[in-house]
Amino acid sequence: AQSVTQLDSHVSVSEGTPVLLRCNYSSSYSPSLFWYVQHPNKGLQLLLKYTSAATLVKGINGFEAEFKKSETSFHLTKPSAHMSDAAEYFCVVSDLRAGGATNKLIFGTGTLLAVQP
Amino acid sequence: NAGVTQTPKFQVLKTGQSMTLQCAQDMNHNSMYWYRQDPGMGLRLIYYSASEGTTDKGEVPNGYNVSRLNKREFSLRLESAAPSQTSVYFCASSYGGNTEAFFGQGTRLTVV
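Protein chains in written order, with the numbering used here: chain A, 1 to 117; chain B, 1 to 112.
Hints were generated in silico from the structure; no laboratory data involved. We put the CB at the ideal spot given by N, CA and C, even for glycine. Be careful, since some hints might not be right.
Stated by the list, open to error - Beyond 12 Å from chain A on every Cβ pair, some chain B residues (computed):
no.	residue
1	Q6
2	A24
3	V88
4	S94
5	T99
Stated by the list, open to error - Coverage of chain B stretches by chain A, computed from C-beta distances (three or more under 8 Å per stretch; other residues unrestricted):
no.	region
6	31-44
7	102-110
Please put together the full structure from these sequences, using the hints given.
Right, dumping it as structure tokens:
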């Protein structure tokens, strides 16, 4: 079965410093991977996705992630944090069985990012 | 386009009461999902529907039923609510395959 592990439940950075949110996945197939963001009391918004094209994926709001098959990782980065980046971030793997019609998106437990002024 | 619309946004139930959460999408997506979100546990899949007329269990289906009414609508029913079902519920939809899902704004349910 596919799964995803977010290595930090909380990350705190200062405004203007780099952000690194770590994610490792387990998959028996070629996975699709996603990062979603959830601002307080809001729904979930897609930040970026990897679907076997370029291994470095750029998303919205200056975020990017690199797919590393040898390390089974898909870490999310941003060069310079902004106060508006404070939110919860979810790493997600797509559990698509061969020949399957739909993907079950399997969520990590989330990383809460705090940005200090 | 409204995207994914869930109703209601908030609900308080007494233990043993029943209710149905409604979800509709206007993106012509094939697949629809119901998740619950609890602190520290991420989102867990309750049920999903790969296409109109099909439904399948996810990770935590006990205590829930679903109906894929048509391509647009996917409802979640709690027949006899329990305090353990206090949670935030999200409906989502996608084209299927390896595509991303789009989420509704959530329903905050409290069972007392």
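Structure-based check of each hint:
1. Q6: violated (9 Å)
2. A24: holds (15 Å)
3. V88: Violated: least Cβ distance 9 Å, not greater than 12 Å.
4. S94: For S94 (chain B), whose nearest Cβ neighbour in chain A is about 7 Å away, the distance does not exceed 12 Å, so it is violated.
5. T99: At roughly 7 Å from the nearest Cβ of chain A, T99 (chain B) sits no farther out than 12 Å, so the non-interface label is violated.
6. 31-44: holds (count 8)
7. 102-110: That given contact holds, which follows from 5 residues of the region 102-110 of chain B lying within Cβ reach (below 8 Å) of chain A.
When held up to the earlier numbered hints, the structure conflicts with 1, 3, 4, 5 and fits the remainder.
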